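The listed protein sequences derive, respectively, from chains B and X.
For the record, in the first sequence the residue sitting at position 137 is 137 according to this note's numbering, with numbers rising by one throughout.
For the record, in the second sequence the residue sitting at position 377 is 912 according to this note's numbering, with numbers rising by one throughout.
Not one of these hints is a red herring.
Listed next, the in silico DSS-like pairs over lysine-lysine satisfying Cα-Cα at most 30 Å (straight line): (1) B:K285 to B:K500; (2) X:K616 to B:K430; (3) X:K613 to B:K500; (4) B:K200 to X:K616; (5) X:K696 to X:K826; (6) X:K793 to X:K717; (7) B:K285 to X:K613.
Because the hints were derived from the structure by calculation, they are not lab data.
Computed from a prediction, not measured in an experiment: that's the story for all the values here.
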Amino acid sequence: MNPDITIDTHLDHGPEQGKGFIGFVKRWLYTTNHKDIGTLYLLLALLNFFVAGGMALLIRLELFQPGHRFLDPNTYNQMTTMHGLIMLFGVIMPAFTGMANWQIPMMIGAPDMALPRLNNWSFWILPFAFLLLMSTMFHAGGGPNFGWTMYAPLSTKFAPPSTDFMIFSVHMMGISSIMGSINIIATILNMRAPGMTMMKLPMFVWTWLVTAFLLIAIMPVLAGAVTMMLADRHFGTSFFEAAGGGDPILFQHLFWFFGHPEVYVLVLPAFGVISEVIPTFSRKKLFGYNFMVYATLCIAILSFIVWAHHMFTTGIPLGAELFFMYATMLISVPTGIKVFNWVSTMFRGAMTFETPMLFAVAFVFMFTFGGFTGLMLSLVPADYQYQDTYFVVGHFHYVLVPGVVFSLMAGTYYWLPKWTGHMYNEALGKIHFWLSAISVNVLFFPMHFLGLAGMPRRIPDYALQFTNFNVIVSIGAFIFGFSQLLFAWNVIRTIRAGQKVDGKVWEGSHGLEWTLSSPPPYHSFTVPPTIHSIQ
Amino acid sequence: MLKIGLIKKAFLVFFCSMFINLAFAQADNWQLNMFKGVTPVSRDIYHLHMIAMLVCAIIGIVVFGIMIYSLIYHRKSKGHKAAHFHDNTRLEIVWTIIPFLILLGLAFPATRTLIKADNTERAEVTIKVVGSQWKWEYFYLDEGIHFYSNLSTPFKAIENKVQKGENYLLEVDNEIVLPTHKKIRFLVTANDVIHSWWVPELGIKRDAIPGFMHESWARIEKEGVYRGQCTELCGIGHGYMPIVVRAVSEEDFKVWVKAQREKQEQWNNLQTDLSKQRQMTRHELMSLGKKRYREVCAFCHREDGTGLPPMYPALKGSSVAVGYPISRHSLMILNGSPGSAMQSYQYMFSNEEIAAIVTYERNAWENNTNDLVQPIDIAKLRVTNIHQPKLVKKSKLGGLK
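With the sequences and hints as input, model every part of the structure.
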């Protein structure tokens with residue numbers, strides 16, 4: 001048989017799986033192709049984004065005015081818990097995994113991921129994990145209502161029975177993340193095209209490599225912590241109960257040993273996306289590539305020794321407070337290097353402002369702002385006043401929404417023409433950007449004021465002096481929430497139709513993925529490309 | 536150059552004035568900045584916060600300034616051609632070292648304040664603060680005072696049926712009264728889940744952790760009323776357990792302690808003296824019962840008595856609320872049910888209140904048992920069923936001789 005023909009039949013689609021609905025289901029259920037799986041991840045993330053976003057809007061609806069309005073306190077607590085869990089595990093993580101699936105093989109010159117079947121399994125665990133998680137809201141006693149941080153003993157002795165389902169669902173998400181990470185590491189380390197040395201890897205690939213190692217290190221810790229919760233709930237152990245010789249703070253140590261690196265799991269790929277987008281639209285190479293890589297590694301290592309800064313008010317000893325304060329402050333050094341390098345990349349470039357670039361520029365501004373409040377939070381005495389108030393809510397939402405979510409938007413607009421072969425609607429993209437960028441500040445900026453003035457987080461009702469800013473915040477939330485429909489509409493329209501684009505798409509595009517056609521062939525690089533000069 | 540300097544200055548002035556001027560106002564509806572507070576620690580924290588904010592503002596102005604400059608001038612549409620530089624090790628080292636030095640500058644005041652905040656030695660007044668779902672309990676260890684502090688905002692205000700008062704959700708039935716100019720040590724712990732005791736103007740936030748006790752301290756320098764809230768999610772009533780501190784002069788504090796002791800003694804006597812129990816009418820019992828049920832019990836057992844099973848059992852038609860003997864029902868409130876979220880209310884509710892709640896629960900939501908429970912019934916239960924824990928002298932036990 002002529003090998004050319006074999007390649008040809010797989011050029012733009014997978015093996016035929018039958019006709020009609022069954023064929024459609026089998027095509028997506030059995031697929032081992034990195035692009036198909038990437039698409040599935042991204043669509044799941046988009047769906048969850050609106051589910052968890054809807055929950056956020058319910059929270060904001062309740063907080064629009066003081067007094068008991070729409071949600072009773074228990075439902076309110078369920079909303080805050082589910083909003084957090086789904087946004088982290090169901091939106092940001094799958095979205096970046098989807099981007100990794102699409103991009104990494106194309107960026108390193110590989111035909112597919114290293115472990116395609118594992119890839120399929122990693123994805124298909126997730127929809128069931130989320131069905132399980134969301135089903136808890138319909139259980140007797142209600143869903144998990146103790147916040148996404150699930151502090152014991154509120155989540156053990158005092159939690160509803162549906163908590164067990166949440167625990168199992170967290171296990172499933174953990175398995176999915178670990179397998180996905182193994183796959184990404186195996187792909188990056190083994191499947192690079194000849195000449196693609198480690199220090200030539202695109203930043204997005206580098207950040208994902210580091211992220212994958214972080215995930216492998218932390219997910220088992222989370223799995224262990226929730227299993228101990230399960231044991232405390234049902235098997236008579238007392239890991240987290242002082243009466244039986246345990247310690248509620250042990251849970252927080254375990255949780256944040258997972259939780260803090262998890263923050264960088266969310267944000268490192270975002271750094272990667274921004275480091276791809278900014279050079280393209282500045283028509284200039286990324287400034288200080290080597291230092292960007294070192295900074296990423298530095299952040300990842302430091303992220304393991306700062307976890308207790310989430311627990312400064314729990315009464316950990318003075319020595320520990322000092323250590324964790326200094327370590328946390330140190331993180332702003334490598335993060336600063338990143339910001340300075342992005343600014344230097346833009347400096348004396350020839351910039352144009354297509355939608356991806358707009359989101360990337362907004363990212364640099366607002367992520368840096370989130371970084372500033374992060375630095376303030378690291379100062380232990382000041383943290384005594386900030387901890388568990390809306391100041392913290394404002395801080396991490398700045399990092400996660402105009403930070404990470406904006407980078408997801410930037411990445412989607414940036415690579416969507418490559419993935420679909422169609423140009424998105426630029427005018428609609430710009431409207432989406434400006435609506436989002438303005439409303440996101442109306443939404444999150446006043447939260448800092450609320451926190452400083454004394455409003456604790458996770459309360460369903462508040463004192464009258466907090467009314468003004470809460471009204472503003474809620475208005476911002478609704479504008480921001482509904483603006484995202486424009487994004488969904490734009491994406492769907494682009495998938496279905498749109499102006500055809502060539503392989504290069506952007507004038508300043510650089511890197512291997514842009515040497516392929518748009519949309520790229522089914523097995524990205526069947527022949528390893530030769531690397532002349534990347535970056 | 537001059538122009539940029541001027542803009543910078545104007546921005547700084549604006550930035551600082553925006554925060555400083557508004558910091559002193561009381562219950563300001565547009566409060567933007569942290570409370571300066573009334574203790575040495577809270578003031579230090581405030582200054583640390585201002586320094587950190589200023590440092591961030593300056594870094595922000597420089598970084599964003601350069602960025603905005605290039606966003607304006609280095610555009611392709613302006614005909615700007617991209618430069619080719621992409622590396623400068625010296626620059627990288629410079630912007631590693633400068634932030635590091637800035638951080639050192641921040642670390643010094645932070646460390647100093649932290650060591651100060653951590654030093655609870657030589658306290659003159661010691662107060663144990665105990666959080667439980669969903670109220671605070673205070674023990675004045677040297678004065679022998681103990682009381683509960685519950686939210687006193689009427690339920691109807693929360694339900695938007697009456698006008699909300701000025702201190703909506705920030706008012707309690709028993710305020711914690713403290714002397715000014717004395718070093719007060721707080722020992723913070725909890726009975727059930729983790730709570731957090733926060734009074735912004737005292738600069739104290741301490742998590743209340745069941746089974747562990749952690750310290751904090753304050754020296755209040757100004758008389759006044761300072762309000763705070765629980766800041767660790769502790770269940771359904773998390774938003775409804777405020778803290779109100781009233782700081783008074785030392786003389787007033789002594790007067791208060793004396794009065795409070797007498798009040799407490801009286802209360803204790805009233806609860807256990809069978810001859811002093813009042814006969815209540817059905818109407819009195821039902822209306823008081825309904826009020827207290829809504830304020831305390833309804834978080835878990837719901838207003839309509841259906842509860843949140845299986846966590847919080849329904850009272851409507853439950854064996855406890857309609858079954859006999861009635862003492863089982865009353866004892867559940869007096870002693871709680873160990874191992875569940877039902878806690879003991881013997882020191883929080885008076886006989887009248889327990890009698891009223893029991894009566895209400897036995898007659899509301901079609902429970903219709905038509906039972907009336909009188910304070911005297913509860914007093915009898917108290918006398919016969921409650922045993923104070925005995926002090927065990929280990930030296931007198933056989934094995935330790």
